[in-house]
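Asks: Chains as they are written, first to last, in our numbering: chain A, 345 to 458; chain B, 12 to 120.
No wet-lab data here; the hints were simulated from the structure.
Do not take every clue at face value.
[To be verified] Derived list of chain A stretches under chain B, where covered just means 3 residues or more per stretch with a C-beta under 8 angstroms from a C-beta of chain B: (1) 388-401; (2) 418-425.
[As the list claims (entries may be wrong)] Computed from the model, here is a short list of chain A residues facing chain B with C-beta under 8 angstroms: (3) Ser375; (4) Val433; (5) Phe435.
Here the structure is a predicted model, which means the values were calculated and not measured.
Ideal Cβ placement from N, Cα and C applies to all residues, glycine included.
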Amino acid sequence: DAGVIQSPRHEVTEMGQEVTLRCKPISGHNSLFWYRQTMMRGLELLIYFNNNVPIDDSGMPEDRFSAKMPNASFSTLKIQPSEPRDSAVYFCASSTLGAGGEQYFGPGTRLTVT
Amino acid sequence: GIQVEQSPPDLILQEGANSTLRCNFSDSVNNLQWFHQNPWGQLINLFYIPSGTKQNGRLSATTVATERYSLLYISSSQTTDSGVYFCAGRSYNTDKLIFGTGTRLQVFP
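Take the sequences, apply the hints, and build the full model.
Replies: Now the structure itself:
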């Protein structure tokens with residue numbers, strides 16, 4: 345079975361541009377999580393969905409960030425407009441629903457905003 | 012929310028040595044995972060271990076839920092064990108997995 349799939353793996357963009365990161369969770373997983381990793385702040389949870397519904401977006405830095413999950417097999421994280429401080433590795437993870445769900449991570453998208 | 016503390020923050024070993032990494036939680040958890048982030052940045056699942064002991068090859072983990080800590084044992088370390096080891100826990104009233112700051116392990120031949 346394929347793991348969590350993320351695209352693109354690397355993204356370099358200029359400040360002010362829109363960036364869209366994509367994630368396909370493991371088939372059968374009902375929960376999807378977006379994380380950001382930086383040297384300064386470590387791994388931070390940005391937002392997570394249960395059954396395609398956003399449950400907690402308290403980690404989203406500001407209004408420039410938005411996330412959607414239109415169906416069970418696809419989610420996007422959008423940054424508009426992007427800023428250099430958004431440079432980080434963005435991970436998507438998925439798990440089965442409920443307390444016992446083990447989370448599995450995708451390979452991440454390394455975003456560089458110049 | 013819960014706080015997760017990992018120790019030591021850094022560890023340098025020679026190939027063949029054994030090590031123990033520790034993870035402390037400020038509150039009870041119902042989900043505890045150990046991950047290895049390799050030098051290429053991938054987060055690899057090592058153990059899902061809310062309680063008890065598990066072993067996988069040279070690695071084993073023990074979680075004592077009542078005392079709110081978990082240990083990861085690496086035996087006969089190899090250079091490929093290098094990277095950052097994270098533990099993460101989830102408390103009973105949320106789906107959020109809270110990560111520790113990690114233990115950076117370097118294994119030299």
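Asks: All the hints need checking, so say for each whether the structure fits it.
Replies: Hint check results:
1. Using a Cβ-Cβ cut-off of 8 angstroms, 5 residues of the segment 388-401 of chain A lie near chain B, which meets the minimum of three, so the contact claim holds.
2. With 0 residues bearing a CB less than 8 angstroms from a CB of chain B, the segment 418-425 of chain A misses the requirement of three and the coverage assertion fails.
3. The beta carbon of A:Ser375 is positioned within 8 angstroms of a beta carbon in chain B (closest approach about 6 angstroms), and the interface hint is therefore held.
4. With a cut of 8 angstroms, the hint placing A:Val433 at the interface with chain B holds, because the nearest CB-to-CB distance is about 6 angstroms.
5. Residue-level restraint check for A:Phe435 holds (minimum Cβ-Cβ distance to chain B is 7 angstroms; threshold 8 angstroms).
The structure fails hint 2 only (numbered hints given earlier).
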